[in-house]
Each structure stands twice: as structure tokens, then as C-alpha cells.
Amino acid sequence: MELPGLRTWVVFYLISFVVLLWAAFLSAQGAMLWVSLFLVLIIIGVNFVTVLNQVKMHAARKEFQRNLTSGFERGTDTEAKDGEEKNH
456 MELPGLRTWV VFYLISFVVL LWAAFLSAQG AMLWVSLFLV LIIIGVNFVT VLNQVKMHAA
516 RKEFQRNLTS GFERGTDTEA KDGEEKNH
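Note that the working numbering has the sequence shown beginning at 456, numbered continuously upward.
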């Protein structure tokens, strides 16, 4: 699967990692446990939705390409017959 914009993915996951570190810091301090839990749930949800959308987009692109090429044949019948005659 192609990953368009690898820099975008790197920035996305770096931001996710920073938010998770911040949530870990908040929970280690013992204060605002509900905020850290909420941040973790948001990051997991955003990552899940993002990956799911990328998989759907890849499947749609593959289906579109299959539909575009479904009417094409590699060779015509006359070319196949000429090839058989040359082999005999």
C-alpha cells in the first residue's frame, strides 16, 4: 500500500506520541486522571479512524483501477490465432 505524504504521517504520529507522553505525565502525577484517560481515548480514536479511512481509500482506488481496466484484453483474437499458427 502506498503511503502518500510520508512526512504527514511522521508529523501525525509524532504529535500522537507527544500527547500520549503528556497523558502519561499527568497520570504519573496523580492529578487529572480523567484528562489523561480522555487524551488517550482521543488519540486511539483518531488513529483508528485515520487508518480505517486510508484502508477504505486504498480499496476504492483499487476498485476504480479494476473497473477502468476490466474492458481491456492483452491481445485480440487475431493475434492469438497468428501466434498459434506460427507455433505449428
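Keep in mind that the hints were calculated from the coordinates and are not lab data. Beta carbons: idealized from backbone N, C-alpha and C, even for Gly. It is possible that part of the hints are untrue.
[Said to hold, decoys possible] Pairwise CB distance ranges (calculated): (1) Arg521 to Val465: 18 to 24 Å; (2) Ala514 to Val473: 39 to 45 Å; (3) Met512 to Ala483: 52 to 58 Å; (4) Leu469 to Phe519: 29 to 35 Å; (5) Asn508 to Phe480: 25 to 31 Å; (6) Ser525 to Trp489: 30 to 36 Å; (7) Ile499 to Val465: 14 to 20 Å; (8) Phe493 to Arg529: 54 to 60 Å; (9) Leu523 to Arg462: 27 to 33 Å.
*With respect to the beta-carbon atoms only, verify the hint that Leu469 and Phe519 lie 29 to 35 Å apart.*
32 Å, holds
_Beta-carbon spacing of Ile499 to Val465 - inside the hinted bounds 14 to 20 Å or not_ = Given a distance of about 19 Å, which is inside 14 to 20 Å, the answer is holds.
*For the range 52 to 58 Å, tell me whether the beta carbons of Met512 and Ala483 fit it or not.*
About 38 Å separates the Cβ atoms of Met512 and Ala483, which means 52 to 58 Å is violated.
*asked:* Given the hint of 39 to 45 Å, is the C-beta distance from Ala514 to Val473 inside that range or not?
replied: Given a distance of about 31 Å, which is not inside 39 to 45 Å, the answer is violated.
*Taking the beta carbons of Arg521 and Val465, is their distance inside 18 to 24 Å?*
31 Å, violated
*Does the hinted range 25 to 31 Å hold for Asn508 and Phe480 at CB?*
30 Å, holds
_I want to verify a distance hint. Is the separation of the beta carbons of Leu523 and Arg462 within 27 to 33 Å?_
Check passed, 29 Å falls within 27 to 33 Å.
*For Phe493 and Arg529, compare the CB-CB distance with the range 54 to 60 Å and indicate the outcome.*
56 Å Cβ-Cβ, so the 54 to 60 Å window holds.
_Does the beta carbon distance between Ser525 and Trp489 stay inside 30 to 36 Å, or does it fall outside?_
53 Å, violated
Hint violations for this structure: numbers 1, 2, 3 and 6, all remaining hints satisfied.
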